[in-house]
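A.B. asks: I would like the entire structure built from these sequences, with the hints used as guidance.
Number of protein chains: 4
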Amino acid sequence: MKKIKVGVAGYGVIGQRLADGIVKQDDMELVGVVDVAPTLSIRALYDSPKPYDLYVVDDSMKAFFEAEKIPVKGNFDDLLSRVDIMLDAAPGGVGIKNKEIYKAKGVKAIFQGGEKNEVADVFFHGYANYPKGVGKDYLKLTSCNTTGFIRAVDCIDKAVGVERVVVTIIRRVADPGDTHRGLVDVAQVEKVPNHQAKDLMLIMPHIEATGALIHVPTTHGHIITILATPKKKISVDEAISLFEAHPRIKVVDIAKGFNSNTALFKYARDKGNKRADMYEIGLFREMVALSGDNLFFTISIPQESVVIPETIDGIRASLSLQTDGKEAVKLTNKYLGME
Amino acid sequence: MKKIKVGVAGYGVIGQRLADGIVKQDDMELVGVVDVAPTLSIRALYDSPKPYDLYVVDDSMKAFFEAEKIPVKGNFDDLLSRVDIMLDAAPGGVGIKNKEIYKAKGVKAIFQGGEKNEVADVFFHGYANYPKGVGKDYLKLTSCNTTGFIRAVDCIDKAVGVERVVVTIIRRVADPGDTHRGLVDVAQVEKVPNHQAKDLMLIMPHIEATGALIHVPTTHGHIITILATPKKKISVDEAISLFEAHPRIKVVDIAKGFNSNTALFKYARDKGNKRADMYEIGLFREMVALSGDNLFFTISIPQESVVIPETIDGIRASLSLQTDGKEAVKLTNKYLGME
Amino acid sequence: MKKIKVGVAGYGVIGQRLADGIVKQDDMELVGVVDVAPTLSIRALYDSPKPYDLYVVDDSMKAFFEAEKIPVKGNFDDLLSRVDIMLDAAPGGVGIKNKEIYKAKGVKAIFQGGEKNEVADVFFHGYANYPKGVGKDYLKLTSCNTTGFIRAVDCIDKAVGVERVVVTIIRRVADPGDTHRGLVDVAQVEKVPNHQAKDLMLIMPHIEATGALIHVPTTHGHIITILATPKKKISVDEAISLFEAHPRIKVVDIAKGFNSNTALFKYARDKGNKRADMYEIGLFREMVALSGDNLFFTISIPQESVVIPETIDGIRASLSLQTDGKEAVKLTNKYLGME
Amino acid sequence: MKKIKVGVAGYGVIGQRLADGIVKQDDMELVGVVDVAPTLSIRALYDSPKPYDLYVVDDSMKAFFEAEKIPVKGNFDDLLSRVDIMLDAAPGGVGIKNKEIYKAKGVKAIFQGGEKNEVADVFFHGYANYPKGVGKDYLKLTSCNTTGFIRAVDCIDKAVGVERVVVTIIRRVADPGDTHRGLVDVAQVEKVPNHQAKDLMLIMPHIEATGALIHVPTTHGHIITILATPKKKISVDEAISLFEAHPRIKVVDIAKGFNSNTALFKYARDKGNKRADMYEIGLFREMVALSGDNLFFTISIPQESVVIPETIDGIRASLSLQTDGKEAVKLTNKYLGME
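Chains as they are written, first to last, in my numbering: chain A, 8 to 346; chain B, 8 to 346; chain C, 8 to 346; chain D, 8 to 346.
Keep in mind that the hints were calculated from the coordinates and are not lab data. Being a predicted model, the structure only gives us computed values, none of them experimental. A hint or two may mislead.
It does not matter which identical chain is used: a pair holds within one copy or between any two.
As the list claims (entries may be wrong) - Each computed DSBU-like pair below joins lysine-lysine, with the alpha-carbon atoms no more than 35 Å apart: (1) K115 <-> K57; (2) K278 <-> K110; (3) K112 <-> K278; (4) K240 <-> K198; (5) K69 <-> K110; (6) K31 <-> K263; (7) K104 <-> K278; (8) K239 <-> K69; (9) K80 <-> K263; (10) K278 <-> K69; (11) K112 <-> K12; (12) K143 <-> K165; (13) K115 <-> K76; (14) K341 <-> K123; (15) K165 <-> K263; (16) K31 <-> K115; (17) K165 <-> K198; (18) K80 <-> K341; (19) K112 <-> K240; (20) K278 <-> K198; (21) K238 <-> K198; (22) K198 <-> K69; (23) K205 <-> K165; (24) K205 <-> K57; (25) K110 <-> K31; (26) K69 <-> K281; (27) K76 <-> K337; (28) K281 <-> K80; (29) K80 <-> K115; (30) K263 <-> K115.
C.D. replies: Below is the structure:
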């Protein structure tokens, strides 16, 4: 089987995890990653046993890396000439500039949630609208929160239909080690509806959604409470069964120690997962309840890694590797170990 | 007019604010406060221009205070013999022991939310169930979160009726300066429903309520999102008008700088309020929205001071100063400057 | 006695406290404050019983304030024509532009630590180099940390001489309610020496100083450990006596509850101090110790209010109200209630 | 070569890392770990590819684990009968009870810093006092902070002698995911000297040490500033060279992104280290400076993993595997990959 050749632009929090995810796909090959400076993450990469090939945006940057004894494989053009598709994880706003380069070179690309929707032909989620992405040149993924809660809402929607959703997002304000943003002793609010609710409606236009966003001083996972109004009545037990059967949802028990966003991080770390990552959203069993006929539940979003599976689904769609979404996500899940 | 004589047990976060509140009531008189040790708050009281009279639990503790040059007015018995009613703000679990003392002395008392419901004849909220407290010897106040969101729910309920409520409480995990509890980089969850939703149903039994509780590392005010299902449709503007007319709700604008729990604290501090306190809950104007016919809104609870007005309402009820709740809260509000 | 007329530019964290401080000086008069927008602090001012007169930078801004029902007394020029001296607490970098305006109008000014030293004729500290400021048109105050630890170092220096100082500054990273900066779960370091140690050497050139700066996720006061090498041996008890005799140092006991930066904030708040402020630095009694002959001690800096007294000293120097520093600080202290 | 058989008591933060460390030693064998309940860490262990053998404290606990489908290899007695030495990482206070069991069975043991010194024959540090541990039955390791800064102090001491040390410890107050302790917006202080300075003097009695301890709301590594008075003058460059040559010290550059405690954690995570762990202390190059002839420098302590190497040194000492400390630490370092 000829493997799909994939490049990654931007070796930051998301980029490095996309690269890891590609390496795990039997039908894909990571050609390399491109970045602009020898960041801490790139130093770590080159201090690790098997670094990925590294490309620079332009040749003038080579000396900068080589001074740090970090070998450079080529430049952006070189990388683009060797790949079938680029995963663009450059900082928000850079992707739209990169797109012009991709177009000029005739290379497909998938952008992350930080870019504006205009960057892409389709706003994409592997489970909720896979067919829309099939054969398209440029996809944009939903952001981490939206990717995560759409999994859960889509899971209920496929079973009984969902009419309406209200989310309260308790957003971790920075990633671990980020010294450029943060809050101290503040829970900061924003205008309702939040962009995540609006994004859900773009992906699932048959659902009415609204929601609040509260930024809090934590780094290890957003917490979201979701109230979903189903079309047909569903019990707590039925809902839990559906969630448990979903490969990208991990139902966890508060009583067994999964009592917080950070407990999930600690679990992944204690288990020995690379980078202490999880691809699954966590869903707290003891927090599933009914309010009237509405289903109320709470999830935790591992913001650093949650979009990896859906991005890989995007490759499958864009390159028409699978035209059936179910088949596509099944393969992604299998290679990522989420069966 | 003969003034009602009031004592306060426990000069902690709540106790000191109850004392302040009593002093502001023209028809009440603070006889004194009783405590067990020269805490930081008591030192601060005695370094301030007009300290309240201080009583000790038993005479053996006198020397302890006097060594710190803090004068002692008498003991617990002395205080009880001089008051019509006690406001018990002792640490959770102590109130139930104190109650035996109050009963023996024939003194009425009002307990705070940290005590078990069994401590009192009535579980009380000044706006939502005032008549139940009239003439009763022992009342227990709702806790800070419940006191705050009942104000808003009751406000809508009185206008159009409320059937169902779902709350997501983002709970500040410690008060400012508390070194006995805290969380670092953790959003901790609990079993649904939280006790606050259950408490709402005890106070307003015609409403079905559930809710999630997430503890976060902040100190300056709980944030609560509330989804209320009204009996009659209500618009966003109508709801805001109702909230604006409520003396214990302050509608604030994110666009004007009220963008967080701490912004409300900062506002009170910049304004020069004593202890940087507010009695009102904050309600964020730009966060009032509809989901279907359900009303969705977000409030901030100043946990240290929010229960003061309703506790004073409790005095009015217990001593039958006013038999009509509307009249009672109007007086409390007037003396606390919340008209 | 003719009172000195003072204006304040910038009604932010420092500016509002400068205004309060001026109002307390019997020999000074606050003419008004000038700002560019109806911030949260200005709203709070105009919701308080006795607001200060407000000026706008230029007339075009008037409408903006008046739309919020905040009365405007005049513009920057009006204010400058009515004052003897300006206290400039504008954001860092604005002061240097304002200086040209002050020069053009022939108005003296005192700048805060956020400006570059070039803004002023003298880099000033009320206790450590008062004579240098006498009669000078433009002074720049030391920043909050430097102002605070110079008090303590100068106190020992005046008694026994100090040769060398090493400081470790554990810096609170944002003020309460600041949503523009912050850190979550990070202690961030900087190159040694920090600017504060360099600033100490500018003010006290006979001392060799170095130090480390570690930013931590707190808002209520910097903590600084100081190792001072004295010229003559000094005991722990002698040092404590010196500190206790200093009007701008408050020696506190951990054993009595002063166990943190936030405990000092809580104490000021519980005591009923306006804005929960303290002008004194806190010095922890149980943390004074010797290492060889070196004196080791730890202080807490109330970053919002600590520079007020020394800024007022600066007015006294610049306008030659007192030519003797001791007399000057004594008056400032008296009016601020720090005797 | 017959391998030394090692057991671990307590599979918590330290215990699980001790187990990992033993597995890496070619001359040692992990027999198993013993614990009392199916904690999150044990669940993670049994969800990982190669779990360690698990023993229960007594047989009555077996059912508890088996209900969770976690297989149990035996009880405490079984484990003790199969090992040459126990590494006791039980919660503080339990080790002293376990010691009686170890003595009764004639099994050697090494305790962690949370136990009282009386638990052991020798208070031990692999670099600073290896000979004292040789052949002894019961050793107690220094705690994480002390273990870390002794490495650096000993490194300078071996080269030029150290007379005096002053440390300021900025202590992370909880480990990641810990919901039982924490601080919010508080920097908490303690009486000087801290126990770590006293412990340094127990291990290196020729040095006079004192120090301050400030607890701050972070989880990813203590930061310590150290002022060391050397017996012979040493330059900054010489000191850095010594630190760079030390296998358990990692000299890092702020300019290259190592700007905080959490940056070191992020680096280890990005590099793919198991559990995101580092055994080395971090030492910030740009923070090494002189104050007079005193050396001033700053380190970061990875509190979860820093004691692993010295504990393994302890096994080598206690069982007289190597009688020369240099040889012992060299082997430990080699197997842990720290050459």
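A.B. asks: When no copy is named, should K205 and K165 be tagged within, between, both, or neither for a Cα gap of at most 35 Å?
C.D. replies: Both: 20 Å inside a copy, 32 Å across copies.
A.B. asks: At most 35 Å between C-alpha atoms: does K31 with K263 qualify within a copy, between copies, both, or neither?
C.D. replies: both (30 Å within a copy, 30 Å between copies)
A.B. asks: Have a look at K115 and K57 and pick one of within, between, both or neither, based on CA distance no larger than 35 Å.
C.D. replies: within (27 Å within a copy, 40 Å between copies)
A.B. asks: Given a CA cutoff of 35 Å, do K112 and K278 count as a within-copy pair, a between-copy pair, both, or neither?
C.D. replies: between (42 Å within a copy, 32 Å between copies)
A.B. asks: State whether the alpha carbon distance between K112 and K240 is at most 35 Å within one copy, between copies, both, or neither.
C.D. replies: Answer is neither: 51 Å inside a copy and 56 Å across each miss the 35 Å cutoff.
A.B. asks: Indicate which option fits the pair K143, K165 if close means a Cα-Cα distance not exceeding 35 Å: within, between, both or neither.
C.D. replies: within (24 Å within a copy, 54 Å between copies)
A.B. asks: Quick one: K238 to K198, C-alpha cut-off 35 Å, is that within a copy, between copies, both, or neither?
C.D. replies: This pair counts as both: shortest intra-copy Cα distance 28 Å, inter-copy 26 Å.
A.B. asks: Checking K239 and K69: alpha-carbon separation at most 35 Å within a copy, between copies, both or neither?
C.D. replies: neither (60 Å within a copy, 44 Å between copies)
A.B. asks: Please work out whether the CA atoms of K198 and K69 approach to 35 Å or closer within one copy, between two copies, in both situations, or in neither?
C.D. replies: Result: close only across copies, 27 Å inter versus 45 Å intra.
A.B. asks: Evaluate K80 and K263 at a C-alpha cut-off of 35 Å and name the case that applies: within, between, both or neither.
C.D. replies: Cα proximity of K80 and K263: across copies only (22 Å, versus 47 Å in one copy).
A.B. asks: Should K31 paired with K115 be assigned to within, between, both, or neither, using CA atoms and 35 Å as the limit?
C.D. replies: Classified as within; 21 Å inside a copy, 45 Å across copies.
A.B. asks: Is the C-alpha distance from K165 to K263 at most 35 Å within one copy, between copies, in both cases, or in neither?
C.D. replies: within (29 Å within a copy, 43 Å between copies)
The earlier numbered hints that this structure contradicts are 8, 19, 24.
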